[in-house]
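My request is simple: use the sequences and hints to build the entire structure.
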Amino acid sequence: MDEQSDEAIVLLVQGGDLSAFKTLIDRYDSKMMRYAKRFLFGYDDAQDALQEIFIKAYRNIKSFDTRRRFSPWLYRIAHNEFINIIKKKGREPLSFFDPDTIFPHPISTHFADTEIKEKELREFLEKSLDKLPVKYREPIVLFYFEEMDYKQIATIMQIPISTVGIRIRRGKILLQKIHDNNLHI
Amino acid sequence: MSESERKDNPNHLSEDILTAIKKGAVEMRPKWHFILKIALLITGTVLAILTLLFIASFIFFSLRQNGSWFVSDFGLKGWEAFIFSLPWILLIVTAIFIIIVGLLVKNYSFAFGRPLIYSALGIIGFTGLLGFLISLTPFHSSLLIEAENEHLSFAGPIYRQYGHRNLGNIVTGRIIGINGNSFGLYSQNEEILTIIITPLTVVPRSGINVSEVVVVLGEREGNVVEALGIKPLTGYSGMRSPTMPPRR
Chain A
0 MDEQSDEAIV
10 LLVQGGDLSA
20 FKTLIDRYDS
30 KMMRYAKRFL
40 FGYDDAQDAL
50 QEIFIKAYRN
60 IKSFDTRRRF
70 SPWLYRIAHN
80 EFINIIKKKG
90 REPLSFFDPD
100 TIFPHPISTH
110 FADTEIKEKE
120 LREFLEKSLD
130 KLPVKYREPI
140 VLFYFEEMDY
150 KQIATIMQIP
160 ISTVGIRIRR
170 GKILLQKIHD
180 NNLHI
Chain B
0 MSESERKDNP
10 NHLSEDILTA
20 IKKGAVEMRP
30 KWHFILKIAL
40 LITGTVLAIL
50 TLLFIASFIF
60 FSLRQNGSWF
70 VSDFGLKGWE
80 AFIFSLPWIL
90 LIVTAIFIII
100 VGLLVKNYSF
110 AFGRPLIYSA
120 LGIIGFTGLL
130 GFLISLTPFH
140 SSLLIEAENE
150 HLSFAGPIYR
160 QYGHRNLGNI
170 VTGRIIGING
180 NSFGLYSQNE
190 EILTIIITPL
200 TVVPRSGINV
210 SEVVVVLGER
220 EGNVVEALGI
230 KPLTGYSGMR
240 SPTMPPRR
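From first to last, the protein sequence lines are chains A and B.
Numbering-wise (numbering that gives the first Met the number 0), the first sequence opens with residue 0 and increments by one.
Numbering-wise (numbering that gives the first Met the number 0), the second sequence opens with residue 0 and increments by one.
Hints in this document: simulated from the structure, not taken from any laboratory.
Among the hints, a few may not be true.
Below, computed lysine-lysine pairings styled on BS3-like, alpha-carbon distance capped at 27 Å [claimed, not checked]:
| # | chain 1 | residue 1 | chain 2 | residue 2 |
| --- | --- | --- | --- | --- |
| 1 | B | 76 | A | 61 |
| 2 | A | 61 | A | 150 |
| 3 | B | 21 | A | 21 |
| 4 | A | 88 | A | 171 |
| 5 | B | 22 | A | 55 |
| 6 | A | 55 | B | 30 |
| 7 | A | 126 | A | 36 |
This is the structure:
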């Protein structure tokens, strides 16, 4: 089963194969945990959220169309779960409506920085994620740590692709400001 | 195994979940549950779009029916009269339905993947164009006749209210007689009005004729209207004549 695609395994789960679902959990638990820990930075709910993600995935597995990719579907469930946790805790503001999604923006492509710069950036991002608002934190986590492209991020967050670009760019500018302020203190 | 030890065990997550599934605490939702959900979403979206088209086309119809659609030809005063004659409540209801349709459409991947302005403009453009085309069909005029005869329980009051609005300075009606610089008009609100033509009145080049249906913009005092502009309404259906029995 290890060599089968996620989608082929889902087909088995839909048919009632529990061991196939275990394979899916084993494939994704570390990825989901990594995503949870970074998205829910500073929250203690990552472990519970992880369990809830897989339970919801199992409950709704028959809604999954095996002609599509499984990974964005699972990440979408995770996204919803994390947003619910943040809403429940009420520690961070979450706006129902984001003006960034109204108008088209030129897609700001990510220019590959040099490896050292990229490494520095990731290290700095890792340390500063809690300083970013949720709407910038999530695309940055998905882009830099889950290594997804804009299209995948847009599907998971259900926002336009151009908005993904603008949020990543603004998030980085915000982090740059935080970084500069820290240097001046 | 203690709780912390159990949590540190990398297999505990799948074990916990599989145990819960085996015990029946977590169940897979059947396929029909999702089919029903999608069917409800599609039905809701279609109903909202149909309602939106109905209201939008009715707005166009009522503007034409009451003559206000045509008065913008009479310059600034005409535009002023047009804006004041707009059915604002219906326009607000339309705006609400545009938002509802927008929120429903957002559930579909073709909508959320694009900036909101595109969906909004798409919905507004689609509603405007299709609403206008529907307003040109006999759909609303036949419903108005049904409403006048009190055969239309659904939306009857709306048709009676907006189908024959008293707009003050905009009157539509049939010319029943011409006398020098004035003519008699049997209005669609079943009043007989005297229309005065002054040197400033914008009159049609072809002149006016008895039995013609016209829209008149002008200052009204009692049953006398000093016309600022007169425009014949060709192809206008449903206009009443004095020989017809009054509406119920």
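* **Index of numbered hints that the structure contradicts, given in increasing order** => 1
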